[in-house]
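Given only the sequences and the hints, what does the whole structure look like? Please build it.
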Amino acid sequence: MKKYFAVVLILGLSVLAGAQVSQAGHVVVVLEENHSYSSVIGSSAMPYLNSLATQNALATQYFANTHPSIGNYFMMTTGQIITNDDAFMATISNDNMVRQLLSAGKTWKSYAEGLPSVGYTGGDTGAYARHHNPFSYFSDVVNSSVQKLNLVPFSQFAADLNNGQLPNFSYVIPSKNDDAHDCPAGMSSCTDAQKLSAADNWLQSNIAPLLNNPAFQQDGLLVIVFDEGFDTDTAYGGGHVAMVMAGPKVKKGFKSTGLYQHENLLRTLMDALGVNSYPGNAAFAVDMADMFGSSTTPPPPSPSPSPSGCIAGAVGVTVCSPASGSTVGSPVHFSAAAKSGNPITAMRIYIDGVSAYTIAAASLDTSLPVSSGTHSVFVQAWDTTGAVFKTPVTLNVGSGTPTPTPTSCTASAVGVTVCTPTAGTAVGSPVQVLAAAQGNAPITAMRIYLDYTSAYTVNSSTLNTSLTMGTGTHSLIVQAWDTTGAVYKSTQTITVQ
201 MKKYFAVVLI
211 LGLSVLAGAQ
221 VSQAGHVVVV
231 LEENHSYSSV
241 IGSSAMPYLN
251 SLATQNALAT
261 QYFANTHPSI
271 GNYFMMTTGQ
281 IITNDDAFMA
291 TISNDNMVRQ
301 LLSAGKTWKS
311 YAEGLPSVGY
321 TGGDTGAYAR
331 HHNPFSYFSD
341 VVNSSVQKLN
351 LVPFSQFAAD
361 LNNGQLPNFS
371 YVIPSKNDDA
381 HDCPAGMSSC
391 TDAQKLSAAD
401 NWLQSNIAPL
411 LNNPAFQQDG
421 LLVIVFDEGF
431 DTDTAYGGGH
441 VAMVMAGPKV
451 KKGFKSTGLY
461 QHENLLRTLM
471 DALGVNSYPG
481 NAAFAVDMAD
491 MFGSSTTPPP
501 PSPSPSPSGC
511 IAGAVGVTVC
521 SPASGSTVGS
531 PVHFSAAAKS
541 GNPITAMRIY
551 IDGVSAYTIA
561 AASLDTSLPV
571 SSGTHSVFVQ
581 AWDTTGAVFK
591 TPVTLNVGSG
601 TPTPTPTSCT
611 ASAVGVTVCT
621 PTAGTAVGSP
631 VQVLAAAQGN
641 APITAMRIYL
651 DYTSAYTVNS
661 STLNTSLTMG
671 TGTHSLIVQA
681 WDTTGAVYKS
691 TQTITVQ
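Residue numbers (the numbering used here): 201 to 697.
Careful, some of the hints might be misleading.
[Unchecked claim] Listed next, with one range per pair, are the computed distances between beta-carbon atoms:
#1 ASN401 with GLN223: 26 to 36 Å
#2 SER612 with ASP324: 41 to 51 Å
#3 THR668 with ALA623: 32 to 42 Å
#4 GLN697 with TYR652: 20 to 30 Å
The hints are simulated quantities; they were obtained by calculation from the structure and are not laboratory data. Fair warning: this is a prediction, and the values are worked out from it, not measured in the lab. In this text, a Cβ means the ideal position worked out from N, Cα and C, and glycines have one as well.
Structure follows, in structure tokens:
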């Protein structure tokens with residue numbers, strides 16, 4: 201069981217314009233445990249999973265939300281980190297997948313290895329861990345004699361597959377001996393490679409028949425995902441993890457560079473199932489549409505000037521501002537553009553090795569607060585093939601540089617304070633958004649949702665950026681998270697003239 205907690209931002213980039221999630225008649229999700237991306241992808245201990253990742257679609261920038269396990273399982277099925285206590289035993293009434301699936305007339309089952317009996321909602325037993333089975337906590341299940349029957353031992357999976365009786369949605373939970381959490385059965389101690397090898401063998405024995413099933417080959421979608429990374433990997437809350445998709449409508453040999461977390465997966469699962477109501481943060485997350493469709497790369501669009509006037513002069517990243525080696529004041533204005541032989545899907549600014557700003561575009565123009573002193577900056581970009589381009593910049597920020605008043609905003613109370621724009625006002629584009637957040641615990645991240653789509657995220661308790669908006673009325677939500685997982689937000693309507 202993991203012993204500390206961390207929650208950071210949840211960021212999703214829809215990295216291929218016009219792409220859509222393909223609907224599937226049968227969606228199967230398989231959970232693996234407690235390993236970071238670098239220990240799985242390329243590992244000789246997991247040849248089967250790596251073959252699936254190579255042949256199908258691999259999310260290269262997928263991050264878990266928290267530590268330990270249970271919060272990630274809840275995020276994947278409710279869109280919320282209900283708790284970070286793996287010993288949690290309460291029944292929850294929060295919106296969840298089961299509620300939405302039933303409302304849409306869809307069928308579901310949770311197939312858990314080691315579950316002692318059909319409908320079991322008790323605690324851990326043997327190598328079965330209840331906190332790996334989020335469906336056993338939902339009031340929609342616990343309080344229904346009918347829905348409880350969908351909590352079944354994994355031995356039922358092969359029978360349902362062979363008899364053509366898989367539900368629309370299957371949640372597959374290997375035991376702790378077979379999901380890389382614990383040592384293989386019969387071993388009291390083992391190497392990490394032995395844990396991974398046991399998980400890989402289990403996948404090959406139990407999931408290969410699914411992929412070879414004629415019905416699945418017509419309309420199936422398989423997702424294999426790790427719940428969280430190593431304890432020491434706290435990137436974006438729960439660490440960098442592997443997520444592989446396979447199915448007839450999934451791209452082949454594709455590597456996604458979209459920045460995704462578990463609520464992005466929840467959104468994608470609901471879209472694939474044809475359900476258009478989304479629990480929790482999935483309602484605000486983008487789906488993983490770039491992983492579906494043809495693998496053929498579309499022709500690159502004609503280059504066009506970025507809104508800031510910065511144009512990439514050659515393949516790679518061109519940084520127009522600040523100049524490398526220059527001395528500037530804070531906030532620092534960043535202007536850059538990227539160019540490739542394929543469409544650019546996203547750009548990101550790293551300051552001293554930490555992600556500070558990300559945008560799903562081929563250009564960026566923003567201002568970021570930077571402390572005084574010398575800093576190492578990288579501006580990085582990705583294209584649709586997964587190619588990475590980056591340009592380093594050495595930055596000197598002068599001490600004592602006054603911060604202009606328009607960039608100053610203080611949270612007046614617990615919650616999110618938006619200093620500009622003022623709700624209900626008419627403004628011109630680009631629109632400056634200046635806000636600050638205060639929580640009952642330290643704020644870890646803030647995000648702007650423009651018309652319910654993620655538009656800007658920063659790892660800070662303040663934000664100051666400008667967003668290009670079309671004329672008309674827009675919904676603007678500024679949201680923040682603290683280290684306990686609490687969410688704060690401010691919602692307003694603005695009119696752009």
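Consistency of the hints with the structure:
For ASN401 paired with GLN223, a C-beta distance near 32 Å keeps the hint of 26 to 36 Å intact. Distance hint check for SER612 and ASP324: the Cβ-Cβ separation is about 46 Å, which falls inside the suggested range of 41 to 51 Å. Between THR668 and ALA623 the C-beta distance comes to about 20 Å, which lies outside the given range of 32 to 42 Å. Checked against the hint of 20 to 30 Å, the pair GLN697 and TYR652 passes, with Cβ atoms roughly 22 Å apart.
In this structure, only the earlier hint numbered 3 is contradicted, and the remaining ones agree with it.
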